[in-house]
Structures are given as C-alpha cells and as structure tokens.
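**Student:** What follows is the residue order along each chain.
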Amino acid sequence: RKEVEQDPGPFNVPEGATVAFNCTYSNSASQSFFWYRQDCRKEPKLLMSVYSSGNEDGRFTAQLNRASQYISLLIRDSKLSDSATYLCVVNRDNTDKLIFGTGTRLQVFP
Amino acid sequence: GAVVSQHPSRVICKSGTSVKIECRSLDFQATTMFWYRQFPKQSLMLMATSNEGSKATYEQGVEKDKFLINHASLTLSTLTVTSAHPEDSSFYICSAATSGALTDTQYFGPGTRLTVL
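Sequence order for the protein chains is A and B.
Okay, so the first sequence: first residue is 1 according to our numbering, each after it adds one.
Okay, so the second sequence: first residue is 1 according to our numbering, each after it adds one.
These aren't lab readings, by the way, just hints derived from the structure by calculation.
None of these values were measured; they are calculated from a predicted model.
We treat Cβ as the ideally placed atom computed from N, Cα and C, and that holds for glycine.
Certain hints may be false.
Stated by the list, open to error - Heads up, incomplete: computed chain A residues facing chain B, CB under 10 angstroms, no partners named: (1) Lys-45; (2) Leu-46; (3) Arg-92.
To be verified - Example chain A residues on the side facing chain B (calculated, C-beta under 7 angstroms, incomplete): (4) Pro-10; (5) Glu-43; (6) Pro-44; (7) Lys-97; (8) Phe-100; (9) Thr-102.
If we strip away everything but chain A, and leave its shape as in the complex, we get:
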C-alpha cells in the first residue's frame, strides 16, 4: 500500500465550479499535513497546511480526519489559474521528512 494515496484524476471542471480532492495516508504517526500544488515541469509550491480543526484560505478549505487517516481539499469558484496538480503531503512518523502523493490533476476550462 502506498504511504499517501490520491485519485490521479484528471478532474475537468468549468470555471466557477466547486471541486473536492481526497487523500488517504497509511502512517498513523504522521503529525504534519499539507496540500501543495505543482504546475507542469515546475517545483511544488505550498498551498496550505492542514490542521485538525480544518482550515480555510480564501476559496480553499482543507479538512483532516485523523481517525480515518483522510485529508481533503475543497476548491470553490474554480479559476482557470487553478489548473495544476494538487499534491497531498504528510510527514513520515514524527520526522521532518515529507511523503508526497502522486497528485490529482485539475483542469479548469472556460
């Protein structure tokens, strides 16, 4: 089983749509959770950290369910510029080492 699993997509959605991505992780000792976005042939960029209580940053909302080892990202009012691959990332055990999922590709069309 992969340490971090994501649906690869692609998710093709029109501008203005709401889209949700899910992620599961296998290591119950993980303490830090993130969503990164990666554009084609570029480095990943931190989108947001994910906290136990859930958190929101503008159009983006992240949720964490530790019991189910499940993380989600909701994007509201999708923009063309949101088109990218979204990477679910957790730390390994109680270390600073990050484990990346393979990503979910989002394509927003006009």
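The hints should help you fit chain B onto chain A, whose structure is shown.
**Tutor:** Positioned in the frame of chain A, the structure of chain B alone reads:
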C-alpha cells in the same frame, strides 16, 4: 516567502559523466536541506536529507556512493550524480528548511531536469 535557487535548471550529459547540482538558500540559513527526485507521472521521492556540517542521511534504495551530497555551508548543498546513466534521467528538486522541526516549512528550489544520453 524564502527563496531557494538551483543550478543548473537543465542539463544534458553523456552516459558515464558526473553532474553536479547546486541548491542555495538565498535569503535564509538552511540547517537542513532535502533532495528529491521525480520521474514522469510519479510523486516526488525523498532521496536524502543533509544537515550542514554532517554526513547526509540517505533513504532506503538510494546509493550514497552514486549520489554524493555535500552541505558545506548554511546556504549551499550540492548533489553530484556520479557516472550518470540514462535511468538517472529525472527531475531533481531540493528543498531547504531553517531547522529540523516538524513545523518548519520546506522551501523548494525550481528543480533541475537531468537528461542522460
């Protein structure tokens, strides 16, 4: 946010040659730097963790004699791919953090695309 640079951004080399990739933190001191590799359509895979002034820690399956890492200062880490072969062709990305704390953000470099002919 903090800036991390990598050089070169792209390199094409012949099989059997060695390639050095530099990772620099431009506006902060990075106690810890990480090296990742990403093959097409795959996730980033951590190769090694380097701390300034000490030997790098390699992940399982990564040959330390093939991927030499030097973290000589708080702003510079280098990865040397020795005797590169076509299967080493990949996107190599470094990240830097100010400490080894769990809450410390990792800042990623723009990556180096290596093609071995």
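**Student:** Work down the list of hints and note, for each, if the structure agrees.
**Tutor:** Status of each hint after checking the structure:
| no. | hint | verdict |
| --- | --- | --- |
| 1 | Lys-45 | holds (7 angstroms) |
| 2 | Leu-46 | holds (7 angstroms) |
| 3 | Arg-92 | holds (8 angstroms) |
| 4 | Pro-10 | violated (12 angstroms) |
| 5 | Glu-43 | holds (4 angstroms) |
| 6 | Pro-44 | holds (6 angstroms) |
| 7 | Lys-97 | holds (6 angstroms) |
| 8 | Phe-100 | holds (4 angstroms) |
| 9 | Thr-102 | holds (4 angstroms) |
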